[in-house]
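Peer 1: One-letter residues, chain by chain:
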Amino acid sequence: MRKRGFIGVLVLLGLTWAQQSVTLVGAGATFPYPLVAKYADAYVRLTGGKVRINYQSIGSGGGIRQFLEQTVHFGASDAPLDDQRMKEIRGRFKTNALNIGYALGAVVPTYNLPGVQEPLRFTGQVLANIFLGKIKTWNDPAIQELNPGVKLPPLPITVVHRSDGSGTTYVWADYLSKVSPEWAQKVGRGTSLAWPVGVGAKGNEGVAGVVRQTPGALGYVELTYAKQNGLAYGAVQNKAGRFVLADLASIKAAANVPLPGDMRVSLTNTAAPEGYPIASFTYLLLYEELSANKAVASEEEARALVQFVNWILTEGQRYNESLNYGALSPVAQQRALALLSRVTYKGKSIGKEIVNR
Amino acid sequence: MRWLYTHFGDRIFAFILLLLATGVMALALLMAYELYRGGSPVLHGFGLLGFALDTQWDPVRGKFGAWPYILGTLIVSLSALFLSFFPALATAIFVAEYAPKWLAQIINFLLDLMAAVPSVVYGLWGIFVLAPWLRDKVQLPLYFWASEHAPALLPLLGVPTGYGLMSAILILASMVVPYTAALARDAIALVPKEHREAAYALGATHWEVLRLAILPLARGGILAGAFLALGRAVGETMAVTMVIGNSHKLPYTIFGGAATMPSVIANEFTEAVEDLHLSALIAVGFLLFLVAMLVNFTAAYVLRRQERLVKGAL
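Read top to bottom, the protein sequences are chains Z and B. For the first sequence, my numbering gives the first residue as 1, with consecutive numbering after it. For the second sequence, my numbering gives the first residue as 1, with consecutive numbering after it.
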């Protein structure tokens, strides 16, 4: 009896083997994890289990490192690879890395002000000065001037920031660096910063928790997080001078600007008149010549990978907005597909073939 | 199979034991070596002491100094140990000597439960209950009192947000109480009956028996518990990270934020994109390893001296 069970297991194993499913392994940013998980789930069902996706959300830093060590089919990062990394990859692997944006995220200023109902308005300069510790109370003239109808309490501002390294922090600091020369010079942009003031809390949930518990707190979180948890968040003045509240339309609009061909661009302080100024792409990382990646074992795997990314950029986009991530604008989608069509495997231009089908 | 029950079999057994035992040692050494290797770009670039004593930690500009984290770790864990030691000892004495059996059982059960609660739960409780309560009921009143009567204290107190050194120390103290208490309780229970009886026979009161016959003999176990608690406090990551405020700006204040070695590793590891940043975090891990080793060696030294003292007394 036991023997028969054993043989049964063997047969089952053999069957799954015979089905020849491809498993695509990816690693990287935690921010888009719910979205990638949704893609993976939908795509497995679409292909009848032939292509499985295994995405490990170990953080952008880990994602880039795994991508360079070639243990994964694709990496994922909240920020594109910088020039130095791009050069390093060209030197080491004799091919380019592609940074393919597939979704947009936004970061919103969230606050806890008892008695204030309508969304507050901020400018980048005011936000930078608050985070530099120069504006200390809520009834400061600089804030009052932007919100003439609101009775602001004389509470001290408790600045709350992420304590963990985070793409969210990068986007926030990137924006502040663009609008405030003083911020750029004193603090700069990065996933972890030397913060001038404030309380550090771990994760979006930590920041939200501290903000909720502290009257007078001001922090920053992902829009998805703020929406799902019903946090109060403010409108931010964009480059065109409009006060924009982050929503799916205004994030999508943020990418409606001339984009460079390699998509490595910072969307913060966007010039788009309807765009929300603190938005950014989140990226998939691929090698242009897939055979340079040790993790890609065969042409079949390479094709499955390109097909999956192609699906994300086209049909998969409809999952973005239901999960509160920004979808690609037509311009951005074109750019992303153009990048994907550059993918080759051993010289064969499989990217072009799959994208144009 | 018979050959197993001969000298030869004996030797195989001894060899396997040796292999496993050296494996444990090799594991510890390998861990230290790997941490050193991972951190070596920073340790060589800044020098071990330069890295450990520098106060600047700015990943954006590639400047790394671990002193704020070392200082934070020492302040938080030593204060937590100090705060928790006497209540824990009192609990142990009460359970072992005074409490009726049913009550002792309940207390023992609760102590075990306290040790078993995951630290993230302590952290959540800290964020949502302890920190707001401390801010409203302790820090703000103290702050206002100080600003009127003793403005010199203000720079020492810092900004009363609730998330900072004070909360971290209190949370950590409550987390390590069961360790000290459980070991002290067992040490007290292990004191031979003859010693108590001898003391009683001399006409000692309950308190005198405790002070003269029991505590001196149990001191080794009590100290061992304290060091175990200290080791736990030095390495505690999650709960501390959640309430400490995570600011590495020196000088630290009582209410204001601080940071510890485990907290900065847990915080910045996942998104450390630059190689130097990652290396600096691993180097912090190496320093933490050294600090933990130091604590253990001190513990071993104190315990051995204690044992010798007790043996001398007997």
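Since the hints were derived computationally from the structure, they do not count as laboratory data. There's no promise every hint is true.
So the derived list for chain B, only partly shown, Cβ under 7 Å to chain Z, looks like this [unchecked claim]:
#, residue
1, Thr-55
2, Pro-59
3, Gly-62
4, Asp-136
5, Thr-241
6, Gly-245
7, Asn-246
8, Leu-250
9, Thr-270
10, Ala-272
11, Leu-276
Simulated coverage check for chain Z against chain B, where a stretch passes if three residues somewhere in it have a Cβ under 8 Å from a Cβ of chain B [what the hints assert, rightly or not]:
#, stretch
12, 43 to 50
13, 181 to 191
All C-beta atoms in this analysis are idealised placements derived from N, C-alpha and C, irrespective of residue type, glycine included.
Peer 1: For each hint, tell me whether it holds in the structure or not.
Peer 2: Results of checking the hints against the structure:
{"no.": "1", "hint": "Thr-55", "result": "violated (11 Å)"}
{"no.": "2", "hint": "Pro-59", "result": "holds (5 Å)"}
{"no.": "3", "hint": "Gly-62", "result": "violated (10 Å)"}
{"no.": "4", "hint": "Asp-136", "result": "violated (10 Å)"}
{"no.": "5", "hint": "Thr-241", "result": "holds (6 Å)"}
{"no.": "6", "hint": "Gly-245", "result": "holds (5 Å)"}
{"no.": "7", "hint": "Asn-246", "result": "holds (3 Å)"}
{"no.": "8", "hint": "Leu-250", "result": "violated (11 Å)"}
{"no.": "9", "hint": "Thr-270", "result": "holds (3 Å)"}
{"no.": "10", "hint": "Ala-272", "result": "holds (5 Å)"}
{"no.": "11", "hint": "Leu-276", "result": "violated (12 Å)"}
{"no.": "12", "hint": "43 to 50", "result": "violated (count 0)"}
{"no.": "13", "hint": "181 to 191", "result": "holds (count 5)"}
Hint compliance for this structure: hints 1, 3, 4, 8, 11, 12 are broken, all remaining hints hold.
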